[in-house]
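**Student:** Sequence:
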Amino acid sequence: MELNPVATGIRKGTNETGAFLRSDPDGEFGFNARIGITQNMVLDGTYNPDFSQIEADVSQITVNERFALFFPEKRPFFLNGTEIFNTPQRLVYTRQIADPLGGLKLTGKLGSFNVGYIGALDDSPSSILGRSGRARFNVLRARRDIGSGSTVGVLYTSRDMTDGSGAFNRVLSGDARILLGGRYTLTTQVAGSLDHSELETEQTQFSPLIMASLDRSGREFSWKATFTDIHPDFHARSGFITRAGDTQVDARMTVTRFGRPGAILERTSITASTQNFFDHDAFWTGSGLFEHELQVMPSFTFRGGRTLSFMIRNGYFRFQPARYVNYTIVDEGGSQSPFLTPEPLKNLKAFMVFPRMRLSNEFSLNGSFMARETAIFAEASRGFELQARPEIQWSPTDRLELSVNHTFSRISRSSSEQPGMVPKEVYSTVHVTNIRAQYLFNRALMARAIVQYDLDEREALKDPTSGKQLAIFGQPQGTRSTGEFQGQFLLQYEPSPGTIFYIGFSRLMEGERSYRVSTMNPVEEGIFLKLSYLFRM
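If you count by my numbering, then the sequence shown holds residues 53 to 589, one letter each, in order.
Misleading hints may appear alongside valid ones.
What the hints assert, rightly or not - Label pairs and their calculated CB-CB ranges:
{"no.": "1", "residue 1": "S387", "residue 2": "D285", "range": "36 to 46 Å"}
{"no.": "2", "residue 1": "T531", "residue 2": "L438", "range": "17 to 27 Å"}
{"no.": "3", "residue 1": "I89", "residue 2": "E125", "range": "21 to 31 Å"}
{"no.": "4", "residue 1": "S202", "residue 2": "N418", "range": "14 to 24 Å"}
{"no.": "5", "residue 1": "E125", "residue 2": "F557", "range": "19 to 29 Å"}
{"no.": "6", "residue 1": "G199", "residue 2": "F81", "range": "43 to 53 Å"}
{"no.": "7", "residue 1": "F557", "residue 2": "L492", "range": "16 to 26 Å"}
To be verified - Below, computed lysine-lysine pairings styled on PhoX-like, alpha-carbon distance capped at 20 Å:
{"no.": "8", "residue 1": "K520", "residue 2": "K401"}
{"no.": "9", "residue 1": "K476", "residue 2": "K520"}
{"no.": "10", "residue 1": "K476", "residue 2": "K514"}
{"no.": "11", "residue 1": "K520", "residue 2": "K398"}
None of these hints come from the bench; they were simulated from the model.
If you're wondering where the values come from, they're calculated on a predicted model, not measured in any experiment.
C-beta: ideal position from N, C-alpha, C; glycine also.
Let the hints inform the model, and build the full structure from the sequences given.
**Tutor:** Next comes the structure, spelled out in structure tokens:
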């Protein structure tokens, strides 16, 4: 048995009323426990957990993104020992539990089954109508090994709001991974959801998800084919499903050749793949293709762990009128006229380079460069994007680690009369910079500092046919320019596992699109102290 009491003191600063105010220091108490029920079964519990020491997520580009962005789980309670909850489709995503008041986690082996349970009470759930309340999460998983390398499993998740709205979500799933002949693997998953949101008077009907893939593994030749069909009303509010309403058909084939022992070029591979997305309802009538990609990716691995990969792609995208029903065109004089969805975009070309170079034991350079034609989804037009993502990692000593990541993206509108990689006018420019430094004073004492900038600029939305400004719900969509700065500092002292002292500081600022912090205003700030001690019994 392990008992781990935690005491936290924090002083927050917020800018909710137009003026930045710092609150009085406040203290909280939390508790973690871990009990070995049997040799193969472990129960973890937490009350009022605090995750102030967890480093912030690295920002991602959102300016031309249609779907919610995925951020990996970093909180130890939800991260450790939760592999049992993985399924082919991500039906369990513990970051949906935003601010847990308490939680239980049971993992281990029961007879011939691997089992897992997560229960949590979320103190800050998302609410469509802005109601206050909590959400109860329950996740139950069982998986059984069959033969050598094959498994079957079931999963059940539930999420219930306690704000009086009656909102709930239920998902039941079954999955299997069958090894065939030692070289082929068949993976399947069938799931269904029942959902009742705050805006509905009655629950939705049972809505299915179906997924199947067959892949062949091999040292020199491999392939994989995948089919995924998700009903438009399928909701996994304890998971992360971004493309409900789509039917996806993918295929991939890879050929690999190996060099002689000691050769500079150790391995060469080429991968050809295709992705195809259909509207769910239209797919079953033999139509509905709205997105297609065909790409070829040669890759070279050199001695010393260096790789260089390229990707050439051609694509197709058809704008779906249902996504633009609330769009209008702002005419001269301020009147508004209907917006007509443009013709599909054909021959969307792309070229990408992915270097991964370990230049020495202390220094490595990774990243990507991309030049591509793309749909500009917010205004249903054709665009051209230049994107660069260099990443530098440097460890000048055994104690110091430095990393710098920078993402640059510039999207330009392309001419509809002369489609191709020819920019016409700038639509958006984004810079995301992340600098991280960590210093290990000794085995117990560590300091970490993180600085991040997110600078975003987007021009007014325009009708791709007439060039006139667009409005959504009657509101003209003008130019947007924002700047964001995040800074974090953490000092950690851990003389033994579970016995830890933290002191940290974080600040979020927003303002002009500039690297000058003086042009931004503070939005959130926090100073915290945290002490935990581990008792083993």
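**Student:** Confirm or reject each hint.
**Tutor:** Cross-check of the supplied hints:
1. Under the hint 36 to 46 Å, the C-beta atoms of S387 and D285, about 37 Å apart, fit the expected range.
2. Checked against the hint of 17 to 27 Å, the pair T531 and L438 passes, with Cβ atoms roughly 20 Å apart.
3. In this structure the hint that I89 and E125 lie 21 to 31 Å apart at CB holds, the actual value being about 24 Å.
4. Taking the beta carbon of each, S202 and N418 are about 36 Å apart, not inside 14 to 24 Å as hinted.
5. Distance hint check: the CB atoms of E125 and F557 are about 24 Å apart, consistent with the given range 19 to 29 Å.
6. The hinted range of 43 to 53 Å is satisfied by G199 and F81, whose Cβ atoms lie roughly 49 Å apart.
7. A C-beta distance of roughly 20 Å is found between F557 and L492, which places it inside the suggested range of 16 to 26 Å.
8. With a C-alpha separation of about 27 Å, the suggested pair K520 and K401 falls outside the 20 Å cut-off, and the hint is violated.
9. Taking the CA atoms of K476 and K520, the gap is near 15 Å; set against the 20 Å cutoff, the hint holds.
10. As the CA atoms of K476 and K514 are separated by approximately 13 Å, the hinted pair is consistent with the 20 Å bound.
11. Of the supplied pair hints, the one linking K520 and K398 is violated, its CA atoms being roughly 23 Å apart against a limit of 20 Å.
In the structure shown, a violation is registered for the earlier hints numbered 4, 8 and 11, in ascending order.
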